[in-house]
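Peer 1: Here is what each chain is made of, one letter per residue.
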Amino acid sequence: MKEALLTVEDLRVEFHTDEGVVNAVNGVSFAVAAGETLAIVGESGSGKSVSALSVMGLIEKPGRVVNGSINFEGRELRVLAERDYRKLRGGDLAMIFQDPLSSLNPAFRVGDQIAEALLTHSYDKKIAARRQAAVLLDQVGIPHAGDRARDYPLQFSGGMRQRAMIAMAIANKPKLLIADEPTTALDVTIQAQVLEVLQEAQRETDAAMLLITHDLGVVAGMADRVVVMYAGRIVEEGTLDELFYDARHPYTRGLLDSLPRLDSDRRQPLRTIPGTPPSVIDLPPGCALAPRCAYVQDRCRTERPELESVGGGSQRSACFRAAELPELAAAREVARA
Amino acid sequence: MTDGSGTGRGVDGAAGEPDPRDERVRDSRVGEKVSAGSSGLHDVTVLDGEILATAVPVRSQWRLVVRRFLRHKLAVISLLILVLLGGMAMFADVISPYEFNPQLDAATLKQARQSPSWDHLGGTDKLGRDQFTRVLYALQKSLLVGLGVAIISVIVGVVIGSLAGYYGGWVDQAMMRFTDLVLVLPALAVLLILATNPDPTFFGLIDLPPATEVSGMIIVISILGWMPMARIVRGEYLSLREKEYVEAAVAAGAPARRIILRHLLPNALGAIVVFGTLAVGLAIITEATLSFLGAGIQLPDVSLGNLISDAESTVGTDLSYLIIFPGLMLFLVVLCVNFVGDGLRDALDPRAVR
Numbered sequence: 000m001k002e003a004l005l006t007v008e009d010l011r012v013e014f015h016t017d018e019g020v021v022n023a024v025n026g027v028s029f030a031v032a033a034g035e036t037l038a039i040v041g042e043s044g045s046g047k048s049v050s051a052l053s054v055m056g057l058i059e060k061p062g063r064v065v066n067g068s069i070n071f072e073g074r075e076l077r078v079l080a081e082r083d084y085r086k087l088r089g090g091d092l093a094m095i096f097q098d099p100l101s102s103l104n105p106a107f108r109v110g111d112q113i114a115e116a117l118l119t120h121s122y123d124k125k126i127a128a129r130r131q132a133a134v135l136l137d138q139v140g141i142p143h144a145g146d147r148a149r150d151y152p153l154q155f156s157g158g159m160r161q162r163a164m165i166a167m168a169i170a171n172k173p174k175l176l177i178a179d180e181p182t183t184a185l186d187v188t189i190q191a192q193v194l195e196v197l198q199e200a201q202r203e204t205d206a207a208m209l210l211i212t213h214d215l216g217v218v219a220g221m222a223d224r225v226v227v228m229y230a231g232r233i234v235e236e237g238t239l240d241e242l243f244y245d246a247r248h249p250y251t252r253g254l255l256d257s258l259p260r261l262d263s264d265r266r267q268p269l270r271t272i273p274g275t276p277p278s279v280i281d282l283p284p285g286c287a288l289a290p291r292c293a294y295v296q297d298r299c300r301t302e303r304p305e306l307e308s309v310g311g312g313s314q315r316s317a318c319f320r321a322a323e324l325p326e327l328a329a330a331r332e333v334a335r336a
Numbered sequence: 000m001t002d003g004s005g006t007g008r009g010v011d012g013a014a015g016e017p018d019p020r021d022e023r024v025r026d027s028r029v030g031e032k033v034s035a036g037s038s039g040l041h042d043v044t045v046l047d048g049e050i051l052a053t054a055v056p057v058r059s060q061w062r063l064v065v066r067r068f069l070r071h072k073l074a075v076i077s078l079l080i081l082v083l084l085g086g087m088a089m090f091a092d093v094i095s096p097y098e099f100n101p102q103l104d105a106a107t108l109k110q111a112r113q114s115p116s117w118d119h120l121g122g123t124d125k126l127g128r129d130q131f132t133r134v135l136y137a138l139q140k141s142l143l144v145g146l147g148v149a150i151i152s153v154i155v156g157v158v159i160g161s162l163a164g165y166y167g168g169w170v171d172q173a174m175m176r177f178t179d180l181v182l183v184l185p186a187l188a189v190l191l192i193l194a195t196n197p198d199p200t201f202f203g204l205i206d207l208p209p210a211t212e213v214s215g216m217i218i219v220i221s222i223l224g225w226m227p228m229a230r231i232v233r234g235e236y237l238s239l240r241e242k243e244y245v246e247a248a249v250a251a252g253a254p255a256r257r258i259i260l261r262h263l264l265p266n267a268l269g270a271i272v273v274f275g276t277l278a279v280g281l282a283i284i285t286e287a288t289l290s291f292l293g294a295g296i297q298l299p300d301v302s303l304g305n306l307i308s309d310a311e312s313t314v315g316t317d318l319s320y321l322i323i324f325p326g327l328m329l330f331l332v333v334l335c336v337n338f339v340g341d342g343l344r345d346a347l348d349p350r351a352v353r
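Which chain is which? The protein sequence lines are Y and F, in order.
All the letters of the first sequence, read from the start, carry residue numbers 0 to 336 under numbering that gives the first Met the number 0.
All the letters of the second sequence, read from the start, carry residue numbers 0 to 353 under numbering that gives the first Met the number 0.
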């Protein structure tokens with residue numbers, strides 16, 4: 000494996016709210032190398048977005064990064080001065096936000112917004128930056144890019160705006176691209192196009208990408224490796240194939256089972272994971288999934304499983320029954336039939 | 000308020016769905032492109048030998064604003080009236096054959112107490128001075144005071160409001176408590192004291208013009224005029240800084256100064272302009288009030304306030320036109336200023352598309 004560009008270790012983020020301390024991220028570690036795409040998957044509140052914001056140094060007030068290390072190109076970002084951090088943001092570290100409708104400033108032209116990103120980091124001439132902005136818009140597939148650069152965001156459709164956001168993010172050839180649910184706000188046909196643009200952009204800049212999503216379809220098409228988060232912790236990680244074909248955590252299996260498949264029996268309702276995710280304010284002592292897990296044992300309620308290697312590859316799972324899970328699942332399948 | 004603004008907002012509200020609208024925009028652009036072919040409006044940008052951009056004349060934001068403003072009939076009429084009155088006031092010496100303080104000789108005195116006529120549109124006062132001329136000169140001063148106060152209030156208010164709203168925390172606390180402090184001062188009493196202050200240099204500490212001059216009056220009224228603006232700007236910034244595009248700008252490495260000036264200020268511009276225009280009207284009224292109470296601009300210099308004050312005793316007599324004319328002028332100007340503010344609010348809303 001290539002040397003990691005970004006290494007996050009034992010990251011903990013707390014939010015101090017009126018109801019108590021929310022442990023949004025609770026000891027999360029991951030690494031991503033240049034040209035590689037790491038997907039962080041989980042449902043709302045699992046801590047995936049907070050992990051991403053921590054890397055950008057954008058955790059704001061009630062929230063605080065309390066522990067861990069964020070190492071980018073050998074530099075520890077947690078101790079970086081705000082001034083130096085600002086030079087990284089939008090330069091080597093770029094982020095694409097979830098909602099392209101609200102991530103563009105309505106009060107100025109799309110091209111100017113991209114030009115601004117360029118002027119902040121790599122350009123010092125306004126005219127040159129504007130020209131480059133048009134080139135970038137063209138690159139992300141906006142027709143008549145030179146003209147459209149002079150439009151305001153409201154004159155753009157949702158998909159075009161997300162393309163513009165991507166253009167802005169890749170403007171300074173970032174080494175790490177964080178895409179926080181880049182397609183959630185878009186309809187399915189546009190999703191595919193935007194993902195293609197994103198992949199193309201990554202290929203051209205050889206950037207590492209952190210793809211934050213809850214959409215396993217997106218993961219399947221984009222990721223090299225996958226991290227699955229639940230209640231602020233990583234419950235399983237591995238390559239795309241390992242996770243999709245041999246998931247060793249009941250939660251990952253639950254997520255995969257809940258997807259509609261072409262070959263599934265259409266008379267059967269979609270399988271869901273029963274229950275709701277626990278409140279991250281007071282987590283149960285054992286495995287956070289225990290109350291919702293079909294394979295739960297007594298031990299799971301009192302003791303928290305650690306991430307451990309399973310299956311011989313790079314795959315790791317935080318489940319006591321990871322090794323026997325495929326057989327258990329198969330047995331359940333037979334019982335169901 | 001008017002049909003124009005009402006329907007305008009309704010249409011904008013429907014803009015939530017971006018895709019169909021975009022189609023429409025594109026369609027109309029295709030049409031424009033064709034029609035613009037011969038008009039020479041197009042420019043072609045050639046990048047790497049490939050034509051990226053041709054020829055669609057883009058409606059500029061400025062033109063959109065003008066168009067939306069023009070739809071606001073009342074505001075347009077008000078603006079025309081203001082321009083007319085402003086022009087007449089500024090060129091009062093050209094327009095009026097009379098002086099506002101003529102030599103009080105026999106010829107002038109003979110003209111005294113004339114009701115309005117074609118010779119004297121506003122009649123003449125007890126000393127034979129043409130009231131129309133005097134009102135024009137007074138209007139000149141009132142408008143200058145109004146504009147001056149609005150400009151200073153906007154500058155001070157925007158600076159304080161921006162810093163408080165963007166930085167929050169103790170900066171916000173300090174600035175807003177100071178604002179509160181000034182707000183709770185009994186405004187009229189303080190203004191009267193400042194405006195009648197015989198020593199505007201404050202024991203030689205600062206060199207301010209006396210309040211009997213326009214510039215002195217501007218300063219006095221501005222001292223108590225910037226707080227609403229500061230609060231409005233702060234409020235706008237507090238909500239705007241939570242917007243995702245601000246977060247996106249931070250994530251793109253934009254420094255605080257640029258976020259304030261490029262991202263927050265333009266989006267708060269609507270509120271600033273509206274309250275800036277309202278401040279013009281308010282300052283004109285405040286000046287008139289102070290003059291009426293005997294502070295500020297003094298006779299023989301005229302202001303709308305001291306003209307009204309001077310004519311106070313004519314109420315109920317056959318000379319009451321002397322108070323009605325400057326009074327109506329004051330009313331008309333402030334009303335027009337407020338209507339223009341309304342029109343600007345609708346026109347400048349950056350979220351509106353058409």
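Treat the hints with care, since some could be wrong.
[As the list claims (entries may be wrong)] A short list of chain Y residues far from chain F (calculated; beta carbon distances all over 12 Å):
id, residue
1, Lys60
2, Glu81
3, Arg88
4, Pro99
5, Tyr294
[As the list claims (entries may be wrong)] Example chain F residues on the side facing chain Y (calculated, C-beta under 8 Å, incomplete):
id, residue
6, Ala186
7, Ala188
8, Gly234
9, Ser238
10, Ala247
11, Pro254
12, Arg256
[As the list claims (entries may be wrong)] In the DSS-like style, the derived pairs of lysine-lysine whose C-alpha atoms are separated by at most 27 Å in a straight line are:
id, chain 1, residue 1, chain 2, residue 2
13, Y, Lys124, Y, Lys60
14, F, Lys109, Y, Lys60
15, Y, Lys125, Y, Lys172
16, Y, Lys86, Y, Lys125
17, F, Lys72, Y, Lys86
18, F, Lys125, Y, Lys125
19, Y, Lys172, F, Lys125
20, Y, Lys174, Y, Lys86
21, Y, Lys60, Y, Lys125
Because the hints were derived from the structure by calculation, they are not lab data.
Even glycine gets a Cβ: it sits at the ideal position worked out from N, Cα and C.
Peer 1: For proline 99(Y), is the shortest beta carbon distance to chain F beyond 12 Å?
Peer 2: Non-interface label fails for proline 99(Y): nearest chain F Cβ at 9 Å, not farther than 12 Å.
Peer 1: Regarding the pair lysine 125(F) and lysine 125(Y), is the alpha-carbon distance no greater than 27 Å?
Peer 2: Violated, at roughly 65 Å.
Peer 1: Do the numbers back the hint for proline 254(F), that is, is its least Cβ distance to chain Y under 8 Å?
Peer 2: Hint on proline 254(F): holds, closest Cβ of chain Y at ~6 Å, below 8 Å.
Peer 1: Grab the minimum C-beta distance from arginine 256(F) to chain Y and call the hint holds if it beats 8 Å, violated otherwise.
Peer 2: violated (12 Å)
Peer 1: Sort out whether lysine 125(F) lies within 27 Å of lysine 172(Y), counting only the CA atoms.
Peer 2: Distance of about 80 Å is beyond 27 Å: violated.
Peer 1: Is the Cβ of arginine 88(Y) more than 12 Å away from each Cβ in chain F?
Peer 2: With a cut-off of 12 Å, arginine 88(Y) comes too close to chain F, as the shortest Cβ separation is near 4 Å.
Peer 1: Restraint: serine 238(F) near chain Y, CB-CB cut 8 Å. Satisfied or not?
Peer 2: violated (13 Å)
Peer 1: Has the given pair, lysine 125(Y) with lysine 172(Y), been kept, meaning a C-alpha gap of at most 27 Å?
Peer 2: Holds, at roughly 18 Å.
Peer 1: Is tyrosine 294(Y) truly not at the interface, in the sense that its beta carbon sits beyond 12 Å from all beta carbons of chain F?
Peer 2: holds (40 Å)
Peer 1: Within 27 Å, alpha carbon to alpha carbon, are lysine 124(Y) and lysine 60(Y)?
Peer 2: violated (36 Å)
Peer 1: If we take the beta carbon of glutamate 81(Y), is the closest beta carbon in chain F still more than 12 Å away?
Peer 2: Nearest chain F Cβ is 10 Å from glutamate 81(Y), so the label is violated.
Peer 1: Does lysine 125(Y) sit within 27 Å of lysine 86(Y), going by the straight-line distance between their CA atoms?
Peer 2: Given that 27 Å is the threshold and the Cα spacing comes to 19 Å, the pair holds.
Of the numbered hints given earlier, the model fails hints 1, 2, 3, 4, 6, 7, 8, 9, 12, 13, 14, 17, 18, 19 and 21; all others are met.
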